[in-house]
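Colleague: As you go down the protein sequences, you meet chains A and B in turn. Residues in the first sequence are numbered from 0 upward in steps of one, following numbering that gives the first Met the number 0. Residues in the second sequence are numbered from 0 upward in steps of one, following numbering that gives the first Met the number 0.
If you are wondering where the hints come from, they were derived from the structure by calculation, not from laboratory data. Possibly wrong hints are sitting among the right ones.
Stated by the list, open to error - Under the rule of at most 20 Å between Cα atoms (straight-line distance), these lysine to any residue pairs were calculated in the SDA-like manner:
#  : chain 1 : residue 1 : chain 2 : residue 2
1  : B       : Lys138    : B       : Ser120
2  : B       : Lys155    : B       : Lys299
3  : B       : Lys166    : A       : Trp72
4  : A       : Lys94     : B       : Ser7
5  : B       : Lys48     : B       : Arg165
6  : B       : Lys138    : B       : Phe103
7  : A       : Lys73     : B       : Leu301
8  : B       : Lys299    : A       : Lys94
9  : B       : Lys299    : A       : Glu51
10 : B       : Lys64     : B       : Ser7
11 : A       : Lys68     : B       : Lys111
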Amino acid sequence: MIRFDNVSKTYPKQNRPALSEVSLEIEKGEFVFLVGSSGSGKSTFLRLCLREERPSTGSVHVLGKDLGKLSNWKVPHMRRQLGTVFQDFRLLPNKTVAQNVAFALEVIGKPKGAINKVVPEVLDLVGLGGKEDRMPGELSGGEQQRVAIARAFVNRPMLLIADEPTGNLDPQNSVGIMKLLDRINRTGTTVLMATHDQAIVDQMRKRVIELDKGLLVRDQTRGVYGYQH
Amino acid sequence: MRAQFVLSEIGVGLRRNLTMTIAVVVSVALSLALAGASLLVRDQVNSMKGYWYDKVEVSVYFCTKADAKTAPQCANGAATQDQIDAVGAGLDQLTPSVVKTKTFETQAEAYKHWKDMNPDSALVQVLGADAIPASWRVKLQDPTRYDIIQSAFAGKPGVRSVEDQRKILENLFGLLNGLQTAAFVIMLLMLSVALLLIVNTVRVSAFSRRRETGIMRLVGASNFYVQMPFIAEAAFAALLGAVLASGLLLLANFGVQHWLASRVQFIHFIGLSSVLQVIPLLIVAGMGMAAVAAFLTLRKYLKV
């Protein structure tokens, strides 16, 4: 699903690489936490997976494609096969819940009939049935993140990438979101989640990948956040 | 691509940047109106050249009695009928290679024409028919080959001068060409203003919608889908400008036809059909230019 081969990334005008010689593989159907302090290279890792950046050296394979060799015009098509969720939700404040989810389908040219069918389904799945016509501003943080997850999942992607999805949420809402992501993972979707949330990582007991100053320092199945090494 | 979605995006975008949009529309309108005016002046000059060159003549003037004192080539006094006939025969030799037709205007006829055209002139009282020269009026196959007549007959006995009416027109055409160049230069300046405004508008528009475009890129909308609303927005603003420019040209045409044409009767003005030919050109050029400018701007500000 995701394979890094000796991947390094150095940004222009920076001495230390943001990511240094990272090699790892994430299989289909896995649930993986990506942990590490700020500046450890988590964001760079995710940006490389989304092909928002290209590696300086090494190669990144996502969904069976070598992103380094993927031409620019093929990138949108690649992104349609994965879902992304962010800490700040990234919803459109002037569109309703249903319109926000539908927007993701409209802009990739899905026909209206199909949109009208799948949007209520996915909103039910994330537990927002009955709130289709609310505006994002009227929802709690947890509910807004559910809308974002619905939008990411509406195309039934093989891979869901979440960048600190619980970073702006209280513990109770965080648990709800994690339950939802777990359910999505059980449908067969691979989930890669970057997080600072120690309680969640400790509780879920999934594979943990830890980065420190750009180096891969730990890759542990059924790990915890604060593993001492 | 769903048309309704794109149209609503364009509407939202244009309203959001209303002041910028107005600036774009006005500057595009002015530059296109000037471009159109420049094209039309060129048409006008061509049409006048065709019309007038067909009518202009080369005149071979003969000496009058009065010229004997003032012009050295007429020192022998008024031209004799033999001298006039000799020039006439010379012109016949050049027919039809250079000369199309020739007519003779006697002093009496020339005096009458002159009096008809200047009825109020005080000179009419002073000058007699003797003062106006007789002439061969020559129409040429190719009006630009005046020099052949000039070299063949200037200085022949009894010939006072060979004059080309085209020279008078050349001044007028020179003026019109100057106007055309001026319109063209101002058009270029206005055009660069319009282009810079379009670039800026697209930039502001892309910035104010970065949230939408960010999400679009995230969910894998194609570049075409992400960029289309911006390009369509610029093209639509340019379309409004082109329509405004067309209105200005039609208004100018109306003014020329209804006001100027009745006052300046010696010029044949080009009409509505010429304007209608220029308008589609302006619309296509305006929209194309705006779309290309928007596209190039987006390449810089909306990366994948």
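Colleague: Next step is simple, just say for each hint if it's right about the structure.
Modeller: Hints, one by one, checked against the model:
1. Lys138(B) - Ser120(B): violated (29 Å)
2. Lys155(B) - Lys299(B): Distance ~74 Å between Lys155(B) and Lys299(B) Cα, so the pair is violated.
3. Lys166(B) - Trp72(A): Outside the cut-off at roughly 62 Å; violated.
4. Lys94(A) - Ser7(B): holds (13 Å)
5. Lys48(B) - Arg165(B): Holds. Lys48(B) to Arg165(B) sits at ~10 Å (cutoff 20 Å).
6. Lys138(B) - Phe103(B): holds (12 Å)
7. Lys73(A) - Leu301(B): Answer holds: Lys73(A) to Leu301(B) is near 16 Å, not above 20 Å.
8. Lys299(B) - Lys94(A): violated (28 Å)
9. Lys299(B) - Glu51(A): holds (15 Å)
10. Lys64(B) - Ser7(B): violated (85 Å)
11. Lys68(A) - Lys111(B): This hinted pair is violated, its Cα atoms lying about 91 Å apart.
The structure is inconsistent with the numbered hints 1, 2, 3, 8, 10 and 11, although it conforms to all the rest.
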